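Novice: Residue numbers (the numbering used here), protein chains in the order written: chain D, 1 to 464; chain P, 1001 to 1464.
Just so you know, these hints were derived from the structure itself, not from any lab. These figures come from a predicted structure and were not determined experimentally. Just so you know, even glycine gets a beta-carbon here, dropped at the ideal spot from N, CA and C. One or more of the hints may lead you astray.
[Said to hold, decoys possible] Okay, the calculated beta carbon distance ranges per label pair: (1) P:Q1359 to D:E179: 31 to 41 Å; (2) P:A1105 to D:W311: 50 to 60 Å; (3) D:E299 to P:Q1359: 18 to 28 Å; (4) D:L14 to P:D1363: 50 to 60 Å; (5) P:Q1246 to D:E355: 49 to 59 Å; (6) P:E1316 to D:E179: 51 to 61 Å; (7) D:E355 to P:E1316: 37 to 47 Å.
There are 2 protein chains.
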Amino acid sequence: MQNPSDRALPPALLAELEQIFGERLSCADAIRRQHGHSETHFSGYLPGAVVFPRDSGEIIRLVQLCGTHAMPIVPFGAGTSVEGNAVPVRGGISVDLSRMNAILAVRPNDFDCTVQPGVRRLQLNEHLRDQGLFFPIDPGADATIGGMASTRASGTNAVRYGTMQDNVLALRVVTGDGEEIVTSRRARKSAAGYDLTRLYVGSEGTLGVITEITLRLRGIPEAIAAAVCGFATLEGAVATVVQTIQLGIPIARVELLDDMQMRAVNRWSKLSYPEVTTLFFEFHGSEKGVAEQSELVGELAKANGGGAFTWALRTEERSALWKARHDAFYAAVGLRPGAVGWATDVCVPIGRLAECIAQTKIDLTTASIPATILGHVGDGNFHVIFVIDPHKPDEFAEAQRLNDRLVERALRMDGTSTGEHGIGLGKIDWLARELPGAVEVMRHIKRALDPKNIFNPGKIFRDD
Amino acid sequence: MQNPSDRALPPALLAELEQIFGERLSCADAIRRQHGHSETHFSGYLPGAVVFPRDSGEIIRLVQLCGTHAMPIVPFGAGTSVEGNAVPVRGGISVDLSRMNAILAVRPNDFDCTVQPGVRRLQLNEHLRDQGLFFPIDPGADATIGGMASTRASGTNAVRYGTMQDNVLALRVVTGDGEEIVTSRRARKSAAGYDLTRLYVGSEGTLGVITEITLRLRGIPEAIAAAVCGFATLEGAVATVVQTIQLGIPIARVELLDDMQMRAVNRWSKLSYPEVTTLFFEFHGSEKGVAEQSELVGELAKANGGGAFTWALRTEERSALWKARHDAFYAAVGLRPGAVGWATDVCVPIGRLAECIAQTKIDLTTASIPATILGHVGDGNFHVIFVIDPHKPDEFAEAQRLNDRLVERALRMDGTSTGEHGIGLGKIDWLARELPGAVEVMRHIKRALDPKNIFNPGKIFRDD
Chain D
1 MQNPSDRALP
11 PALLAELEQI
21 FGERLSCADA
31 IRRQHGHSET
41 HFSGYLPGAV
51 VFPRDSGEII
61 RLVQLCGTHA
71 MPIVPFGAGT
81 SVEGNAVPVR
91 GGISVDLSRM
101 NAILAVRPND
111 FDCTVQPGVR
121 RLQLNEHLRD
131 QGLFFPIDPG
141 ADATIGGMAS
151 TRASGTNAVR
161 YGTMQDNVLA
171 LRVVTGDGEE
181 IVTSRRARKS
191 AAGYDLTRLY
201 VGSEGTLGVI
211 TEITLRLRGI
221 PEAIAAAVCG
231 FATLEGAVAT
241 VVQTIQLGIP
251 IARVELLDDM
261 QMRAVNRWSK
271 LSYPEVTTLF
281 FEFHGSEKGV
291 AEQSELVGEL
301 AKANGGGAFT
311 WALRTEERSA
321 LWKARHDAFY
331 AAVGLRPGAV
341 GWATDVCVPI
351 GRLAECIAQT
361 KIDLTTASIP
371 ATILGHVGDG
381 NFHVIFVIDP
391 HKPDEFAEAQ
401 RLNDRLVERA
411 LRMDGTSTGE
421 HGIGLGKIDW
431 LARELPGAVE
441 VMRHIKRALD
451 PKNIFNPGKI
461 FRDD
Chain P
1001 MQNPSDRALP
1011 PALLAELEQI
1021 FGERLSCADA
1031 IRRQHGHSET
1041 HFSGYLPGAV
1051 VFPRDSGEII
1061 RLVQLCGTHA
1071 MPIVPFGAGT
1081 SVEGNAVPVR
1091 GGISVDLSRM
1101 NAILAVRPND
1111 FDCTVQPGVR
1121 RLQLNEHLRD
1131 QGLFFPIDPG
1141 ADATIGGMAS
1151 TRASGTNAVR
1161 YGTMQDNVLA
1171 LRVVTGDGEE
1181 IVTSRRARKS
1191 AAGYDLTRLY
1201 VGSEGTLGVI
1211 TEITLRLRGI
1221 PEAIAAAVCG
1231 FATLEGAVAT
1241 VVQTIQLGIP
1251 IARVELLDDM
1261 QMRAVNRWSK
1271 LSYPEVTTLF
1281 FEFHGSEKGV
1291 AEQSELVGEL
1301 AKANGGGAFT
1311 WALRTEERSA
1321 LWKARHDAFY
1331 AAVGLRPGAV
1341 GWATDVCVPI
1351 GRLAECIAQT
1361 KIDLTTASIP
1371 ATILGHVGDG
1381 NFHVIFVIDP
1391 HKPDEFAEAQ
1401 RLNDRLVERA
1411 LRMDGTSTGE
1421 HGIGLGKIDW
1431 LARELPGAVE
1441 VMRHIKRALD
1451 PKNIFNPGKI
1461 FRDD
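Can you make the complete structure from the sequences, with help from the hints?
Specialist: Written as structure tokens, this is what we have:
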């Protein structure tokens, strides 16, 4: 792959960009590097320029201009994706949407809101709190709503509230035709033609630029209770989760962290949990409902070798608990000074989860690099975090080998290589193995909607 | 539009079809008429032939053959759709999938199953019952699962369990390339590229032929209770529903039937409910959960002028109640001997529902034709059934005028012309008004995936 930072932008294009964006166009090295960087090891690609649009009119002009010049356009949110999803592998223009961060409307009676793509998750929930509403999708990072829609994000609450797929009601998108379209009205359900909303959600910026998102909201539950429970064995913890799901208990969150991950969390967040496989739970509902759910889950945990629940009932206690969980990636990486992290992302049918995690744990015990297991186990989705010395190519190779084994295991169980991180750069070859015929249909769609291949080229499937 | 029954099939094509299908190819008038008919007024188009495939291999050969001859292929399930979705407006081959009705796998530990497209909804639930599982989507009619996927069906349970969009995990589809693809693995969530599953769900057979469906299943709840409650006013009934949703009570079903519809139901099903606006409720959960939900909803109903709940607790009582609801369309049509029914299908944001229904009711009271109101009000979706004398063109014109006013009203409220029936023939012009830019994107996709326009041509958008 040619390093696109070698490809300077044509002066004519630059002049036109400057006309549109003025001081909101930057070719400064630091800014370009920031937009070529990602949270993980997919880095080292630079955009030719970065623009900071203020409204969709500017994005329309940008798309028309880049169409003429066959110049890549790579939408950029908070830069928190983990498969290199927003890295400009073909150079071109990085479109930083952080200044389009207005909450345009909140409609409490309809339980929805409309936001610009640069709105952050925490910003939105802060804004909603006084109205008794919240937006449940929580990938951990304080991502932008546009980025979360683009990667079909999910996270800790998905077991109860679904993923971005289930919570985006409608989008505005600037398409390859340089038109801004609306994908759906705001009714909660619709059978009005092809479901373009759910086609663009998860398309990782490869089919257009999302300029507005209408989200489904929920009422803040009457009662919320979180708890932590350590287990004698990994198997017992996983069995508790699987039985909880199979009994249909409407648990809001259930996160697994293995012994190694708990050690990392204790160090990083200065906590003193027992360093054994642990489940973090959260229950939402009426007072009675929460009591009933937690009693049932408590019985399951006990029968599977779980200890007593440590409860977090007050808001600050719960926030501390989930902050520790959300920092788990950094905590794992912090196990080795100077290390980098590599997170896997398989998701399997719930009945195969115990087997999949058990086999993976065996692999990790014999590995030459440290690794933790954690995940959104109620969905069948879990991550291994490999903690790698970036100066040792052998360690990358070992992580690669272990990840390959893990994805192959998940595919044999009819699972997926990516539950929530998307394809980006990191899963391109796996997607072709996971859904071989479907990839050809995806390519047909890509060519039809982006005939000049300007939208985030080189992602989801190879274009060279 | 040319009546395609005038277009005989080329003898060479017929000979090749006979090679593939033998006695499972029919050109008999009665069979062709049966596959040109629909439940509603979209009738009078005949396929050139009807085939009854046994497996996807035959469908692959059929698609390749029809590609060569540029011959339309119209998938046909149970013929219960209401917008003419499976009517062969361009003639060609009606593909009756009723013989592909095997339940291929049920995986209780994964809460999913895989079925052929001709499996009927009741057949599936009958099969699942012994395993403590059920498939929640219930459009009333005993439709095929393939048809329900194709039209993105929903119905009475959607308020709790979602629509086909939320409950199809994966599809096998024979595409325009004449290949059979798998759209997704079985994991409960996935970020593996474009969501083709949800693109094909609701595409009404215009992008390929669905040959296999993997469905998400649910455990039969510990407790189920249904109740009927009459209201002093239409407004009071709607307010009860809106408040139930806004409080986040996880009601499983909440159906509204207006006074006129209750009169029809009493006559048709030989019942004696008070002939006032009525809500039919169903509650699912633990014993405690059902008790809590029904108590809360009971309080809301009382505060809004509702009477006492009439409970249906035993399975047979509940079945009788929901059969009466499911027969509501026939009951309405039965109000006038020899009449035909025309069902509207708007869906609006829940905060606008009361206003939308109230304005509609005013329209109907001054109409010259009888009409009832009923619907899945928890989703913001309701139907008006116009009861029309088919020999009086004035009555069709009046229904048309009232439907136009209703759809315009829903669009003004940012709702949709179709909550669950799909576009078919009946909503083509409305779709173009509802989502003007999006329709162009849909056309791009149609051309990319069906370049010869053989899959159910003339549906969703005009092709002439």
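Novice: So which hints don't hold here, by number, going up?
Specialist: 2, 3, 5
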